[in-house]
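**Q** Given these sequences and hints, build the entire structure.
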Amino acid sequence: MSLDVIDKSLETFVLNLGPQHPATHGVLRVKLTMDGEYIVHAEPVLGYIHRMHEKMGENRTWAQFMPNTGRLDYLAALSYNHGYALAAERAEGIEVPERAEYIRCITVELNRIASHLLWFGAFVLDLGGFTPLLYAFDDREQILDLLESVTGARLTFCYFRFGGVYNDIDDNFITGSREFIKRLRSRMPMYHDLVSKNIILIKRLKDIGPISQEMCRRYGATGPVLRGSGVNFDVRKHEPYSVYPEFDFDIPVYTEGDSMARYMVRMDEMEQSMRIIEQGLAKLPEGPVMAAKAPKILKPAKGDYYAAVEAARGSFGIRLVSDGTNTPYRLKLRSPTFSNLSLFSEACRGMILPDALALMGTLDLVIPEIDR
Amino acid sequence: MAYFNELFSGTKSLFIGMGITIKEFFKPVVTVQYPHETIPMSARFRGHIELVRDPETGGNKCIVCGLCQKNCPSGCITVDGEKREGVKGKVLTLYRLDFTKCSLCGMCVENCKPGAIQFSKDYNLAGPSREAYVFDLLKRLEGQQ
Amino acid sequence: MTNELIRLIAFLVGIIAFAAGNAAYLVWVERKVAGHIQRRIGPKEVGPYGLLQPLADGVKLMSKQLLVPDGVDPILFKVAPLMVLVPAVMSFVTIPFGEHLAARNVDLGLLMIFAFASVNVLGLLIGSWGSANKYAVMAAARVISQNIAYEIPMLLTAIALVMATNTMNLNEMVSLQAGGFWQWNLIKLTFTASPLTPIAFLIFFTTMLAETNRAPFDMAEAESELVAGSFTEYSGMGFGVFFMGEYANIVIGAALTTCLFLGGWQSPLPFLPNGVVWFLIKMYAIIFTVVWIRWTFPRTQFYALLNLSWKVLIPISLVNLIVTAGWLKVF
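Chains as they are written, first to last, in the working numbering: chain W, -10 to 361; chain U, 5 to 149; chain S, 74 to 404.
Keep in mind the hints are simulated off the structure, nothing from the lab. Any given hint might turn out to be false.
What the hints assert, rightly or not - Where chain U lies over chain S, by a calculated footprint (3+ residues, C-beta under 8 Å):
#1 112 to 118
#2 360 to 370
What the hints assert, rightly or not - Just some of the chain W residues that point at chain S, by a computed CB distance under 10 Å:
#3 Gly117
#4 Leu123
#5 Leu190
#6 Ile341
Glycine is no exception: its CB is placed at the ideal position from the N, C-alpha and C atoms.
**A** The structure is reproduced here in C-alpha cells:
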C-alpha cells in the first residue's frame, strides 16, 4: 500500500492512530510515520468492520437485500436504498409512479440535510468547538422525527421498494417539512456567524489540505471532495435519474481545493437541498405510491446492470449481475468514501497532525461504508 | 494594512460568536429528561412485531402460511401450526421471534396477507440475558388485554 | 505575636479552603454553563441542581489507585503535581479580597504572582518528563513554548499599568481606584495614561487564558489529538491535584484581572459600601466569561497560537507601553 519509499531517517517514529480514536469516525486505523510533528507517510488500514454485505447479497433474494443497503452508510441511508431500487428497477423494467418518485426525492434530500448537519457538528467537534454539534443535532432531531412519522425508522431506513415506496406520506409530513425548512433557513445565518466566519476556524481551514483536481481524478473522488476542488460533477445533474430533471437547483462548486472549500460546499448543499424539497412539496402529484404491476418475486433477465446515485458523500454505484434466479449472482457496491479516503495518504504528506485530522474531517468518512 | 483589517474583522467575529452563545444560554432547554419524562412514539414506529388481536374471535389472525418466515432476511421467525377438528385452515401453535437477529426491515408485516402481525411500540427492552429476547408472540398476545 | 500567628493560620486555612472549594465548584459551574449554552441541563441527578456532583467526582478520584508506572522517575513523578498546585495556592496570599482581607500586604505583590506563575510551567515539564511517555513530553514542549510566548505580553501590559499607578502593591492599587466605576483603571487610565487601555485589558485577558491553558488555547490537553497531554500517566488523585492547580490558576488570573483593571473590592457607585462582595462578583463574572469562551470557539492551531502572541500581542503591548510612557512624561 505504500506509494513512495518511506523516509528512513532516524528521526521518524511510527504513531498509530488506532481503531479507537475520537477523531476517526468509525474504526479506522491509520499508521502514521512522523518526523516530530510532521507526517511523512500515512497508511490507512481498513477492515475492522467488514460485514460482508456483498456476499450477503449473493445469498439473499432481491427484496431481502434492501435492509442491508440501509446499514452501509447509516447517516444517509435513503440514498443507498434509492441506488439499489434504481438498479433493480432497471434490471426488471419496472416503472415507478410519479408520486413515489417525488416522495423518494423529498425524503432523500431530507436525509442528505440530516447527514450534512451531523457532519458539520462532528467536524467542528474534532476541531475543538463543542457547541455547534448540539445546535446541529437540535435541527437534525426535527428531520428524524419527520422521517420516523413516515417510515418508522430514524437511522437505518428500509423504506423504498421495487416500484415505489412502502407507505404514503400524509399532510402532517408536508406541513412539518415546510416548517422545518423555514426554521433551518432562519438558523443557517447563525451557523455561519458562529462557525464559518469565525477567525479561528478560518485560520484552521483556509489554505490547509489542498487537494488538486488532478489528484481527485486519479483516485476517483466524488461528491463534495470533488466539487471543492473545482470540478463540476454531480450525478443528479450529469447522469440524471428519478425526477431530478424537474427540479431547479444549483451545484455549489468551489475552486480553491482547501478544507474551507469542502466545508463551504457542504453548507451550500444544504441550502440547495432545501430548495429541492420545497419544489418537490409544491409539485407533489396525487396517485399511487407503488407500481401496480410490481412483481412480488423479482427474477430479472440475465445481465449486468448498473445504477449510480448522488449520496451525501459522493457517487454511490451499485452493479447487479443477474443470472435469472431469484438471488443476484454478484452485487458490487461502489463506495464513494473508499475512493475519497484513498487520497488521504497522498494529500496529508508533510502536514502536521492536527491539520491532517482536519483534512480527514472534511473528507466526511463513515467507516462502515468503506468496509461494507 | 491587511494586518489591521484581519485583526479587526477577526476580533469582531469572535465577539459575534460569543453573542450567539450567550443568547442561546438564556433560551429554554430543548432536551427531554428521559427517565422522568417520555415522549409518545409515532404511529408508524417500528418496535418488534406482535400478533394482532382479531376483534371477532378474540384470537390471532394468522393462517400459518409461513410467508413471514420465508421472506425474513435474517431467519428470525419460526411459525408452526396444526390442523384442528372442525376448524378451517391451520391453527397457530407457535410463533417465535428471535429478536437478537431482527433488523426491523418489515418484510414480514408487508407480506402478511391477513394482516396478522404489526409493529409494536415497545422500546424499553433491557434484558438480563440473550434468552430474554426470544419472544413468544402467542404468549404475548394472551398477556395483552 | 500570637495575634499575628492566629491571623496567619486563619488566612492559610481560609485560602486553602477557598482554593479547593473553587476548584471543585468551578467544575460544576463549567458543566452547568456548558449545558445551558448547548440548550440542555447540565448535571441534575446528584443533589439538587447537581450541586453534589463535585463531591461525587472527588470521591471517585480519591478512590482510584495511585498508579505509578514502571519506568518513571520516582521523585519527579510525585513532586510534579505539588509544584503545580502550591505556587497557585501561594499566590492567593497577596490578593486583596476586601479592604482588610489581604493575608499579607506584600509591596511587590504583582511581581510575586508573576513569579509563581512561571513555577507552574516548571511543574508541568517535570511531570511529563518524569512520566517517561513521549506523548507527554511532546505536549509539555508545546505548553512551555506557549507559556513563554504569552508571558511577555502579560508582563508588558502589567508594566504599563505599574508605570501609570506607581505601585506594585495590589491592595494599594485597588485603593487608588476608589470612587465610582469611572475611577477603575480600565476607564481612568484610558484618559489619564494611555488610550490603548481597553486593548491592553483584552490582551491581558487573552494572555491569562493562554497562561492557564484554557480553550481556545488548550493545545496541550487537546482530547482529539494527544491522549491527555502532559497528564497521560497520572491517575486518581495525582490527576486531581493537577486539575485543582489549573482551576486555582484560573481563579488567580481572574482575581488579578479584577484588581488591576476592574477596581477590586471597590463598588461601582460611590454611595454603595465597598466590600468583598464586589470583589467576588467581579471575579466570578470574569470566570463566567472564561467558561463562556471555552464553549464557543474551536481550538487554535499551534503555530497560529504562537503567531498570535509574537506577531500581534507583543507589538501591540509594546506600543501600549511606549504610549503610556510618553503620555506620563508629557502630561
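**Q** Going through the numbered hints above, which ones does this structure break? Give me the numbers in ascending order.
**A** none
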